[in-house]
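Participant: Sequence:
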Amino acid sequence: MKKRFAQYWVILEMLFSCVCQAEQPKSEYESSPFTIPFNDKENLTAEDYAKVQEEIRKIDITPTLERLYPYNHGYSEFDDFRRRTTKGIVQGIIDEKNGLLPETQLIKIGKGGDNCVVSKGSYNGKYAGFLSGIQKALEDSGFNGYFLYQRGGFPNPTGRESKFVAVPYSFKIFMMLEAQKLGFTKVLWIDSAALPMRDPTPIFELIDKDEKFVNYWGFKEDTWRYILPGTRQILLDETGYDANKERRVSMIIFGLKMNSPRTQKFIESYYKFVEMGTPFLSCYPEEYVISALLSQPELGDFGKKSKLGHLIKIEESDSLKEKKKTQDKGFYFYLLPH
Numbered sequence: 001m002k003k004r005f006a007q008y009w010v011i012l013e014m015l016f017s018c019v020c021q022a023e024q025p026k027s028e029y030e031s032s033p034f035t036i037p038f039n040d041k042e043n044l045t046a047e048d049y050a051k052v053q054e055e056i057r058k059i060d061i062t063p064t065l066e067r068l069y070p071y072n073h074g075y076s077e078f079d080d081f082r083r084r085t086t087k088g089i090v091q092g093i094i095d096e097k098n099g100l101l102p103e104t105q106l107i108k109i110g111k112g113g114d115n116c117v118v119s120k121g122s123y124n125g126k127y128a129g130f131l132s133g134i135q136k137a138l139e140d141s142g143f144n145g146y147f148l149y150q151r152g153g154f155p156n157p158t159g160r161e162s163k164f165v166a167v168p169y170s171f172k173i174f175m176m177l178e179a180q181k182l183g184f185t186k187v188l189w190i191d192s193a194a195l196p197m198r199d200p201t202p203i204f205e206l207i208d209k210d211e212k213f214v215n216y217w218g219f220k221e222d223t224w225r226y227i228l229p230g231t232r233q234i235l236l237d238e239t240g241y242d243a244n245k246e247r248r249v250s251m252i253i254f255g256l257k258m259n260s261p262r263t264q265k266f267i268e269s270y271y272k273f274v275e276m277g278t279p280f281l282s283c284y285p286e287e288y289v290i291s292a293l294l295s296q297p298e299l300g301d302f303g304k305k306s307k308l309g310h311l312i313k314i315e316e317s318d319s320l321k322e323k324k325k326t327q328d329k330g331f332y333f334y335l336l337p338h
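Residue numbering for the sequence shown follows this note's numbering, beginning at 1 and increasing consecutively.
Think of the hints as simulated: they come from the structure by calculation, not from any bench.
What you were told as hints is all true, and nothing was included just to trick you.
Simulated pairs of lysine-lysine, DSS-like, Cα-Cα distance not exceeding 27 Å: (1) Lys172 with Lys41; (2) Lys87 with Lys272; (3) Lys181 with Lys272; (4) Lys313 with Lys245; (5) Lys304 with Lys265; (6) Lys172 with Lys108; (7) Lys126 with Lys136; (8) Lys323 with Lys108; (9) Lys209 with Lys181; (10) Lys126 with Lys58; (11) Lys126 with Lys51; (12) Lys97 with Lys58.
Can you make the complete structure from the sequences, with help from the hints?
Facilitator: See the structure below:
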């Protein structure tokens with residue numbers, strides 16, 4: 001009886017979602033709430049970064065969210081949507097008063113090679129501080145390749161990305177393109193809080209074979225609560241991906257074979273969504289967007305989950321004891337509390 005009631009409740013909530021979708025003002029989705037006025041420029045100075053940061057701080061996305069958020073329909077709290085969609089707006093790309101300037105480093109690990117791990121940490125929070133730990137962990141693992149990272153700043157591979165700094169979590173794909181610009185074809189993004197526990201070479205072997213490395217979160221019936229109805233409809237209309245019914249990509253770890261035709265098609269579509277801005281209006285901005293883009297029919301099985309066990313251990317502790325246990329169990333990454 002309880003199970004049947006739970007099923008009815010899920011159906012009822014999904015009907016609420018459909019009603020909310022019908023009420024969404026389409027005009028709110030016609031222009032990006034994130035794009036800033038900034039001319040295309042490839043090599044940015046400290047003055048440029050300061051200007052970019054000044055511009056993103058002017059963005060107030062709250063009024064837009066208030067008009068789009070379905071109050072009293074069971075969605076995740078309004079503050080959850082606001083907190084996640086403002087990540088790009090509040091990120092620290094430069095802090096001249098404290099001597100924190102944008103820094104990009106390419107580090108040779110072991111014997112080097114064509115495998116490149118990329119990551120980025122903003123100057124607010126713990127993120128920038130995690131990067132040194134990644135470098136050491138890669139060195140200790142026996143990995144042969146390179147580590148490209150950025151502290152502060154923002155990846156700007158074509159010179160036009162700086163106007164999109166406020167688009168939440170858009171930097172992940174842009175960092176991968178920075179690696180391609182340096183000549184790397186097999187590129188693995190890892191979140192700055194994802195500490196390597198073993199040599200990631202098997203992941204790169206899958207990237208080489210399958211043209212990508214993709215992991216997914218398990219599907220949950222209440223997934224509809226974390227994406228605005230209008231955002232869901234955009235993704236559905238543009239790609240056929242239904243966020244209420246399909247799995248969501250985990251962007252903690254994500255790999256691409258950069259010279260693959262399917263990767264190029266994926267990236268082309270990604271830029272379109274970044275320019276639109278509104279597809280990122282959810283509690284998991286880049287994950288829903290990437291999920292939708294991977295599901296495009298013309299990409300075939302590009303979005304198929306990669307087969308690799310013991311990928312990530314997520315813990316609330318960062319104790320040496322827990323890290324050792326994770327390593328002994330054969331996990332590739334340990335997600336640090338952040």
